[in-house]
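Each protein sequence line maps, in turn, to chains A and B. Position one of the first sequence corresponds to residue 1 (the working numbering), numbered consecutively onward. Position one of the second sequence corresponds to residue 1 (the working numbering), numbered consecutively onward.
Covered stretches of chain B (chain A as the covering partner; in silico rule of three or more C-beta atoms under 8 Å from a C-beta of chain A):
(1) 68–79
(2) 116–128
(3) 193–200
Pulled from the structure, derived: some chain B residues nowhere near chain A, Cβ distances all over 12 Å:
(4) T85
(5) Q108
(6) E140
(7) R217
Simulated from the structure, these hints should not be mistaken for lab results. This one's a predicted model, so the numbers in the text were calculated from it and none came from an experiment. All C-beta atoms in this analysis are idealised placements derived from N, C-alpha and C, irrespective of residue type, glycine included.
Chain by chain, the residues run as shown.
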Amino acid sequence: MKIAIIDFDIGNVRSILSAFENQGANVCLTNDKNEILESNGVILPGVGAFSHGMDSLNKYGLIEVIKEYTESNRPFMGICLGMQMLFEEGDEFGKTKGLGLIPGRVVKLPTKDSQNEKLPHVSWNELNSKDIQWSGTVLEGVKEASDMYFVHSYVAEPDNTYILSTTEYSSYNFCSSVKLGNIYGCQFHPEKSGKNGLKIVKNFIRMCENE
Amino acid sequence: MNKIRVIARVDVKNEFVIKGIHLEGLRKVGNPNEMALDYYNNEIDEIIFMDAVAAYYDRNSLSELIRKACVNVFIPITVGGGIRTIDDIKNTLKSGADKVAINTKAVQDPDFISQSKKIFGSQCIVSSIEAKAIGGGKWEVYTDNGREPTGKDVIEWAKYVEELGAGEILLTSIDKEGTKKGFDVELYQSVASIVSIPIIASGGMGKSDDAVQLIKRANVDAIAIASVLHYKLESIQKIKDTLVRNQIKVRL
Chain A
1 MKIAIIDFDI GNVRSILSAF ENQGANVCLT NDKNEILESN GVILPGVGAF SHGMDSLNKY
61 GLIEVIKEYT ESNRPFMGIC LGMQMLFEEG DEFGKTKGLG LIPGRVVKLP TKDSQNEKLP
121 HVSWNELNSK DIQWSGTVLE GVKEASDMYF VHSYVAEPDN TYILSTTEYS SYNFCSSVKL
181 GNIYGCQFHP EKSGKNGLKI VKNFIRMCEN E
Chain B
1 MNKIRVIARV DVKNEFVIKG IHLEGLRKVG NPNEMALDYY NNEIDEIIFM DAVAAYYDRN
61 SLSELIRKAC VNVFIPITVG GGIRTIDDIK NTLKSGADKV AINTKAVQDP DFISQSKKIF
121 GSQCIVSSIE AKAIGGGKWE VYTDNGREPT GKDVIEWAKY VEELGAGEIL LTSIDKEGTK
181 KGFDVELYQS VASIVSIPII ASGGMGKSDD AVQLIKRANV DAIAIASVLH YKLESIQKIK
241 DTLVRNQIKV RL
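The following block holds chain B by itself, in its conformation from the complex (with noise of 0.2 Å):
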């Protein structure tokens, strides 16, 4: 097995880290560049800044805060929320970003996966997919950060995205996002059983528990973290520490 990447997702609106439930419900919980140099020197592995609402108003408007970020966290980041556009993600790379996570745009026009994988690689196109289980071991694809539903089918969106040429999948349960009930263990065995591209799992770590239970049962590259880490539930030596101590790989 190879080593599991511990990510922070910091999740954006109007200039400050915002935590909801369910994707809803926002709480205005810090400033996202203190955040991610607390997490960076506190050796996070990676860092996504989401811009919650990008997508609802039709913007993209991050840059300032990568710039920022750029200066001082020397890991990945990868930025989603409103990328729409050739040139937007070529001024999100240039603020200094790795990799833009792509939702609502690739469901209303998938080829826009397939054209910006050949211009920049597939290893910085991010597939964000948001999901919610509709029963019977199926979900259903939603975007705008969990507003709209697309009746698109979860396991083959995963899959027609990675044939479009997306080099990972941020994948976000919106029935365990906020909840701090743990990951759904079930979505991520489904999709990783059909894909070969890594998977971020997202949504519902309330514990370092939930991680090694998620990572035990389904073949999940990642895992974002929230709540864990912006309410200090955990510290991230405590949650890699945890991994450890179960026989999963890490980065020390």
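If we strip away everything but chain A, and leave its shape as in the complex, we get (with noise of 0.2 Å):
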């Protein structure tokens, strides 16, 4: 069982794979097509700008990588600007066309009390399923209302379907983490996220056993 951490140049990777092997698991950073391909599941980091981080790929020739992997339907997962990269389009610096793998647009984040409210995002706070299941999803086991870290400006507007967690902020709710089949987006930070995310990153590496 192997799990490869897309390494492009950006993100805080070392933290991503350091949480990995806390949590047991056979982990690479890696950004060979032939390794990723051949990986039970796979991690696209990411910090930073949306169109920075889509050069990025592009310039390591990941893009259709990404894709070709997705197709097999094995688990992936992008954290933050990772999971912003997974939609349709991101409005940073500019419109930039994403990956296209979950249908949604990424913009920033509104802020309904301007006075108070700042931005970037920086702070703790809880996830929500209002409705959704969460077992036999990367969240299982993750109680209602967990803290997480969220680090971000942008936040992506997926159609309902694919929301698997929703975040208040400045009295708005963001989508804040996103599943489609074994596709996954967390727009915090899980490897960041103490005890709470640690149980994320356990769930991933199940999952991919599973595979």
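Grab the two chains, each in its own frame, and use the hints to assemble them into the complex.
Here it is, written out as structure tokens:
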């Protein structure tokens, strides 16, 4: 069993690597096409700007590799910018085409109370399920209203069908995690969210083991 | 109100955690990795590692420490001290940091903030500001861990770093730092009223009630604590409990 973390010169890859190792996974950091395609699970990390992230994926020739991998329906998870890039288009620094794996766009996080609420949104906030079933997903066993660590200014706006959890910031409920088949995305950082976050890492590893 | 982040500030010199008063007279208080792990296990929300002498000696040396911390500490880590090139930021993030705090270099070359923001995103660029009161509701920006006055006004500078694209401000009161006499509330009120990026208040906390007094009066987003934790004056749990009892939301 092997999980590949995509290395495209962006993001805090080391802490993701450590989190997966800490939870017992055999994990590697790579941008090699074959290594990615042969993995049982793939993580797309990323911090920073949408356009810069897509440029970087493109530079390494990874866009088609990711699309090919996800067609196999094996577990895939994007984290933070890695989640945002799963969508069709992003607004940051001009409109940029995303991977288009999940229908939806990425827009600036709307803040209703601009006097008091700040951007970027940097804080611990709660995951809410509403009526969404978490069992059998990466959020299995995560308690309703668990705190996760967020740091971002943009959010994905998918069709409701794909929303796995929502989170409230500045009286606005945004999509904090997403699921389409075996493709997952977390706007927060599971690798930086203490024990709650490690639970998600563990769930993802289990999913890969069952492949 | 959003949840207030309770952050441990760990100042490091030559592999030891150190603590001074007004950023001076530094004393060794422990091993940075052991202390970080202990704070993580006790539910601290974030850790700031600051190389206390890096800017002074023109170096950046925390990589090994961050690499070790990353193995067992799964919360956000900010690293500051001696960051002066794009490569410094790249290497620090590669070692496992989530954000970098920049002070001296930003003062010398403000454009460095906008450049780094373009590459790494605002969310990982923390503008570290050391403030010293000069009377009349004004503060002067200092660099090099409180050694060098710059002639810049803190409030104007804070507004400017926000425009340049800093994602957060770590605002340290040199006057209060290490004194355990409470935060410089007026400083945080003044800066919070003109910027709309998150502010981390650092310097002066001697008991959890100091944090309550600050948060009730100034719109800060996080408190960075050193002495109280390093000298075990109060536990993280007790600090969070006090905040909650005073209707301040925290991560539990």
